[in-house]
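Could you put the whole structure together from the sequences, leaning on the hints where they help?
For any residue, its number in the working numbering is found by taking its place in the sequence shown, counting from 1, and adding 949.
Please keep in mind that the hints were generated in silico from the structure rather than gathered at the bench. Just so you know, even glycine gets a beta-carbon here, dropped at the ideal spot from N, CA and C. You may find that some hints are simply not true.
Listed next, with one range per pair, are the computed distances between beta-carbon atoms [said to hold, decoys possible]:
no. : residue 1 : residue 2 : range
1   : 991       : 1042      : 15 to 21 angstroms
2   : 1033      : 1157      : 26 to 32 angstroms
3   : 1035      : 1063      : 30 to 36 angstroms
4   : 989       : 1089      : 33 to 39 angstroms
Here are the simulated lysine-lysine pairs, DSS-like style, with alpha carbons at most 27 angstroms apart [as the list claims (entries may be wrong)]:
no. : residue 1 : residue 2
5   : 1129      : 1155
6   : 1129      : 1052
7   : 1021      : 1052
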Amino acid sequence: MILPLQNDKSLCGIAPLNGRIVGEEDAAPGEWPWQASLYLWGQFKCGGTLINSQWVLTAADCVYGRTATSLKVYLGRLALANSSPNEVLREVRRAVIHPLYIKRTRTNDIALLELSAPVAFTNYIRPVCLAAEGSDYNPGTECWITGWGRIETNDSSPLQEVSVPVVSNSDCNRIYGVIKSSHICANSPTGSGPCIGDGGGPLLRKHDDRWVQSGVMSFFYSIVCDAPGGPEGYTRVSSYQSWIQSEITSNPPGFVYAGSSGLVSLSVPLLFAVSLFGLMLVYLQVFAEGGNMEDLNEQKHKIFNKCLCQTTQCFMNIPAAEYSSFLGAFYILFLLVYLCRGRNELSRTRCSDRPL
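Next comes the structure, spelled out in structure tokens:
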């Protein structure tokens, strides 16, 4: 669910040329159309991601202490060694580093780059969706990382891709000791992972038909690239939605609220507000047709039977992070049932798929 679906947001996370099963080491042209390559004084420095037509998301460490005039960004580029007919080059008008960035601990390691001019979207250049506040990924969730970092300490020219599972912050903190809730960690048991030059690149997961960036590559443990080591640390994008929106006030990026299951979480208070409104309409309809309290109780009994059964089934699929708000809404529904004196009837009913 895009919040809301308009402007560049309608295109975010959709890669028309990403039709094959990802997993090969070399990425195909247009497979990751939001991938950006950041150059410092003409030399490749870091990765990044296009998040709307004029802004790129990267790590603060990539641009810390640098002037905007020293930076350039390529979009639509597949290989560092040669140019592509699908690529565009933009200078950087402004680099915005998070004001609370701490280099030593890589806390708030996130930055925004405003390009000198907007880019036109093609099948090879498109923005990625960003994980919204409250999004969470359980340990073991499969994600993807992309970048041009070195492989086995040799310079990597083609864009690389690799699958990595999410690691819990507690396990990650046993190694680093500085992991906060604003971090997210991942680690490949085979040792395939980021290397020098992959900083600022994305940690991605596909939700339905859209790719969502959940992390920005910040630091990794292994000294030798492509060798088993500790988990990699990423800046958790969902923790910075407010900051990103405060910096990009025109044509803001598309944020997606989703969890490990890939299911988009619904606004529970809104859901029950709509349900309550529907219940009021039933009351009005029954009395408008000349019905009495007995007719109303019968109709109410059918509605609550259906509603509670479906709510129970829905409750089984609610992510753990939503339990508190969902229980509050469930309690409101319970009060409605109590006030309508439907307790005895409901206790004798069973869930049914038959229409009311």
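For this session: Using the Cβ atoms, figure out if residue 989 sits within 33 to 39 angstroms of residue 1089.
Result: Given about 36 angstroms between the Cβ atoms, the range holds.
Exercise. Under the criterion that the straight-line Cα-Cα distance not exceed 27 angstroms, is the pair residue 1129, residue 1155 satisfied?
Worked result: 24 angstroms, holds
For this session: Look at the Cβ atoms of residue 1033 and residue 1157 and judge whether their distance stays inside 26 to 32 angstroms.
Result: 29 angstroms, holds
Exercise. Does 15 to 21 angstroms hold as the CB distance between residue 991 and residue 1042, or does it fail?
Worked result: 18 angstroms, holds
Exercise. Within a Cα-Cα threshold of 27 angstroms, do residue 1021 and residue 1052 meet the stated pairing?
Worked result: Holds: residue 1021 and residue 1052 sit about 22 angstroms apart, inside 27 angstroms.
Problem set entry | 27 angstroms limit on alpha-carbon distance, applied to hinted pair residue 1129 and residue 1052 | It holds: about 14 angstroms lies between the C-alpha atoms, which stays within 27 angstroms.
For this session: For the range 30 to 36 angstroms, tell me whether the beta carbons of residue 1035 and residue 1063 fit it or not.
Result: 23 angstroms, violated
When each numbered hint is compared with the structure, a violation occurs for hint 3 only.
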